[in-house]
Amino acid sequence: MQNGMHGVKYCLLGKKLIEASNRSGGLKPDHVLVDYGSLIPKGNVLDLGMGEGRNSFFFAKMGYEVEGFDISQTAIERCIEIAKNENLKVKAEVKDLREVDIPKGRYSLIIAAWVLNFFKKPEAEEIIRKIKEGLKRNGLVYIAIFSLDDPGYEKAKSKLELVGENTFYSSRRDYFIHYFKEEEFLSLFPGFKIVYHAKGTGLDLEHGEPHYHGFIEYMGQK
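For the sequence shown, our numbering assigns the number 83 to the initial residue and increments by one for each residue that follows.
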């Protein structure tokens, strides 16, 4: 799998998807954040769905004030442990991303990597609205999501209940998943300057048998 998918560790496993987030991705940050890190103004970084902190640690090492949230107690405990061992200042808290209050105009960078698919579409859009408001002027957002090209989309169409356009529900495991269209996603950031945008398919070698994911990666500047 290409570097941008390093943290992807999901299969369709219900709420465990959100709890797992990208915590299995080790400590390697997403490549887009590394490539464009020099563009991010010094200040505060918010990591939504931070997992064990791989992206957060990268920015803490660079001197940013970093805070993050994840629904997984296990992931947050591990993040705190690693931060302590590495002498890194990262504020990590267990919280559902739908319940996170994002102060307006506070952050130089907000990250939501491989997590927004696992909400109903209106919930994901509301999180994105708060992300946009939370950025400083010239602040950046990095989002990575699964696209309609993901093989999981075809599986969802045959096995899950369709509850909205490209949104599915599993009654057996009680979870929603939404697959984004490229134009649908980009339309959520009017007025933002595109710093990086990629859409494609990547081979995931990180867990289980090799398999593919369809993805969209985006970095935009307010």
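Be careful, since some hints might not be right.
Stated by the list, open to error - With beta-carbon atoms standing in for the labels, derived distance ranges: (1) Lys202 / Lys237: 35 to 41 Å; (2) Val182 / Lys239: 27 to 33 Å; (3) Glu208 / Gln155: 21 to 27 Å; (4) Val182 / Thr156: 30 to 36 Å; (5) Lys124 / Lys239: 20 to 26 Å; (6) Glu175 / Lys241: 32 to 38 Å; (7) Gly145 / Glu243: 43 to 49 Å; (8) His293 / Asn220: 15 to 21 Å; (9) Thr156 / Glu181: 37 to 43 Å; (10) Val245 / Lys124: 39 to 45 Å; (11) Arg211 / Ala280: 19 to 25 Å; (12) Thr156 / Asn220: 33 to 39 Å; (13) Arg255 / Ala280: 39 to 45 Å.
Stated by the list, open to error - No more than 20 Å apart at the CA atoms, straight line, and that leaves these computed lysine to aspartate or glutamate pairs for DMTMM-like: (14) Lys214 / Asp256; (15) Lys212 / Asp256; (16) Lys237 / Glu215.
FYI, nobody ran anything at the bench for these hints, they're computed from the structure. Backbone N, C-alpha and C fix where the C-beta goes; we use that ideal spot for every residue, glycine too.
Hints and how they fare:
no. : hint                        : result
1   : Lys202 / Lys237: 35 to 41 Å : 19 Å, violated
2   : Val182 / Lys239: 27 to 33 Å : 31 Å, holds
3   : Glu208 / Gln155: 21 to 27 Å : 24 Å, holds
4   : Val182 / Thr156: 30 to 36 Å : 19 Å, violated
5   : Lys124 / Lys239: 20 to 26 Å : 45 Å, violated
6   : Glu175 / Lys241: 32 to 38 Å : 34 Å, holds
7   : Gly145 / Glu243: 43 to 49 Å : 47 Å, holds
8   : His293 / Asn220: 15 to 21 Å : 38 Å, violated
9   : Thr156 / Glu181: 37 to 43 Å : 19 Å, violated
10  : Val245 / Lys124: 39 to 45 Å : 43 Å, holds
11  : Arg211 / Ala280: 19 to 25 Å : 23 Å, holds
12  : Thr156 / Asn220: 33 to 39 Å : 36 Å, holds
13  : Arg255 / Ala280: 39 to 45 Å : 30 Å, violated
14  : Lys214 / Asp256             : 29 Å, violated
15  : Lys212 / Asp256             : 26 Å, violated
16  : Lys237 / Glu215             : 35 Å, violated
The earlier numbered hints that this structure contradicts are 1, 4, 5, 8, 9, 13, 14, 15, 16.
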